[in-house]
Amino acid sequence: MTELFYSGALVAVIATLLVIVQTNVVHALIYLVLSLLAVAVVFFSLGAPFVAILEAIVYAGAIMVLFLFVVMMLNLGQRSRDQEKEWLPARTWFVPSVLALLLLIQLVASIPTAGLNIEEIGARAVSELLFGPYVLAVELASFLLLAGLVSAYHIAKR
Amino acid sequence: MQWEVGSALNIASILVVVIVFAAMLIWVERRLLGFWQDRLGPNRVGPFGLLQVVADMIKIFTKEDWIPPFADRFGFVLAPTIIMIVILLSFSVVPFAPGVGIVDSNIGVLFVLAMASLGAYSVMLGGLSSDNKYALLGSLRAAAQMVSYEVFMGISLLGVVALTGSFDLREIVLAQEGGWFVVPQFIGFVIFLIAGVAESHRLPFDIPEAEQEICAGYHTEYSGMKFGMFFVGEYLGLVLISSLITVLFFGGWQGPLLPPLAWFFIKASCFIAFFILLRAAIPRPRYDQLMSYGWLFLLPLSLLNLLITGVVILSAN
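Read top to bottom, the protein sequences are chains A and B.
Position 25 of the first sequence, counted from 1, bears residue number 24 in numbering that gives the first Met the number 0, the numbering being contiguous throughout.
Position 122 of the second sequence, counted from 1, bears residue number 121 in numbering that gives the first Met the number 0, the numbering being contiguous throughout.
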């Protein structure tokens with residue numbers, strides 16, 4: 000499982016970097032999907048298969064499809080690619096890179112040396128938690144989604 | 000090596016059988032369509048035209064594999080591979096018979112749904128990177144259709160999952176020893192069937208590639224084996240949906256007298272023939288009819304089915 004974790008994490012990091020540096024929006028989206036799938040693999044290797052598969056269904060399979068759907072409508076051509084290039088010159092990279100490097104050093108320093116105690120949590124355990132102690136939060140989240148749905152419908156109607 | 004779930008022999012034979020079977024369906028479909036439409040179909044190459052598939056394959060492999068200069072190469076090459084990969088991956092959780100299967104996952108049903116939702120990228124990228132207006136129209140339609148029907152597909156399965164108490168497809172088959180799930184879950188079965196046709200965008204729901212309206216839809220610019228991958232991918236999707244219906248609603252490999260694999264084959268073949276009959280019998284609906292039919296009719300129906308199933312299970316306990 001450790002190899003699976005590290006390979007998944009590596010793919011996630013590289014794909015996410017490529018999302019940032021791509022100037023073609025569609026390519027960036029494809030790398031974002033890849034990154035989300037890699038995160039799903041990471042979840043899987045940490046003993047959460049249910050969360051992993053939901054990550055793949057909801058984020059990679061539904062939300063990113065809608066992103067791509069919107070990009071299709073926008074008809075972004077060479078102009079947006081040039082604009083992207085203009086927005087991302089080399090000197091913009093300096094400060095974020097230094098900050099990210101500092102974070103990386105902290106992260107490496109704080110990695111626990113002892114192996115993680117991985118315990119698999121299946122669909123049943125997650126559901127028991129969601130409909131047991133956290134039922135109020137689930138209901139509140141569904142209210143929020145319903146409000147979003149109704150307002151989207153209202154805006155589309157006008 | 001022996002017949003046990005996940006052995007190398009198992010993986011290799013399932014892969015080969017599934018791909019060869021999907022390729023053979025090109026011939027089966029044309030013969031069956033010919034039969035139902037009162038004409039002959041391909042009957043010249045080999046006995047009963049059986050070698051038609053070989054001829055088609057030789058033709059498709061030797062054709063010029065052309066990438067239009069205006070297309071986005073990255074997406075254009077990536078798109079046809081996605082559909083093949085995700086559908087073949089879905090077969091990994093299908094239990095064909097006792098001991099025959101690639102993996103028994105406790106998230107099997109969800110895995111199939113995840114792969115189905117990733118399959119949408121294939122048609123979307125194919126149309127988008129072709130840089131052709133018909134292709135773009137096709138992939139716009141495909142995106143809306145696949146995202147919508149995924150929802151009903153997922154909800155219609157939940158009744159079966161609730162009755163079994165597991166996402167494991169093998170356990171779902173074993174739970175049907177006393178009776179097939181098609182009886183208590185008939186509405187779920189019908190919705191899954193309709194959503195399955197829409198997901199694999201076969202006629203009558205082949206709106207993303209409707210020839211009479213938008214050329215060939217998302218694969219207008221494709222030729223050679225890249226087109227072939229979309230083509231075989233569609234047949235693979237047909238085999239997958241038929242296998243899933245068999246597993247989820249018709250007791251999988253279970254049946255008297257004949258060996259389990261034979262039963263699986265018979266049941267799945269019946270559904271494949273049914274899907275081909277659908278193509279021969281039903282005209283294509285309009286795009287907006289398809290969407291409103293889904294959201295205004297299938298969604299409430301599938302939710303109601305789930306609700307009633309839940310009530311029945313709770314009161315039985």
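Please note that the accuracy of each hint is not assured.
To be verified - Under the rule of at most 35 Å between Cα atoms (straight-line distance), these lysine-lysine pairs were calculated in the DSBU-like manner:
no. : chain 1 : residue 1 : chain 2 : residue 2
1   : B       : LYS132    : B       : LYS62
2   : B       : LYS58     : A       : LYS156
3   : B       : LYS58     : B       : LYS132
4   : A       : LYS84     : B       : LYS62
Said to hold, decoys possible - Not the full set, but computed from the structure, chain A residues with beta-carbon under 10 Å of chain B:
no. : residue
5   : MET0
6   : LEU3
7   : VAL57
8   : ALA122
Claimed, not checked - Residues of chain B placed beyond 10 Å of chain A at every Cβ, according to the derived structure:
no. : residue
9   : LEU14
10  : MET56
11  : VAL146
12  : TRP262
Derived from the structure by calculation, the hints contain no laboratory data.
Using N, Cα and C, we set each Cβ at its ideal position, and we do this for glycine too.
For each hint, the structure was consulted:
Restraint check: the Cα-Cα separation between LYS132 (chain B) and LYS62 (chain B) comes to about 24 Å, which is no more than 35 Å; the hinted pair holds. About 51 Å separates the Cα atoms of LYS58 (chain B) and LYS156 (chain A), which puts this hinted pair outside 35 Å; it is violated. Restraint check for LYS58 (chain B) and LYS132 (chain B): satisfied, since their Cα atoms lie roughly 28 Å apart, inside the 35 Å limit. A hinted pair counts as satisfied when its Cα atoms are at most 35 Å apart, and LYS84 (chain A) with LYS62 (chain B) does not qualify at roughly 38 Å.
At a threshold of 10 Å, the smallest CB-CB gap from MET0 (chain A) to chain B is about 16 Å, leaving the interface hint violated. A hinted interface residue such as LEU3 (chain A) counts as satisfied when its beta carbon comes closer than 10 Å to some beta carbon of chain B; here the least separation is about 15 Å, so the hint is violated. Interface restraint check: VAL57 (chain A) against chain B, minimum CB-CB distance 9 Å, threshold 10 Å, status holds. Annotation: interface hint on ALA122 (chain A) holds; nearest CB of chain B at approximately 6 Å, less than 10 Å.
At roughly 22 Å, the least C-beta separation between LEU14 (chain B) and chain A is larger than 10 Å, which holds for a residue marked as non-interface. Here MET56 (chain B) stays apart from chain A, with its beta-carbon at least about 30 Å from theirs, past the 10 Å limit. Not every CB of chain A is more than 10 Å from the CB of VAL146 (chain B) (nearest about 6 Å), against its label as outside the interface. Non-interface call for TRP262 (chain B) relative to chain A: holds, since the shortest CB-CB distance, roughly 29 Å, exceeds 10 Å.
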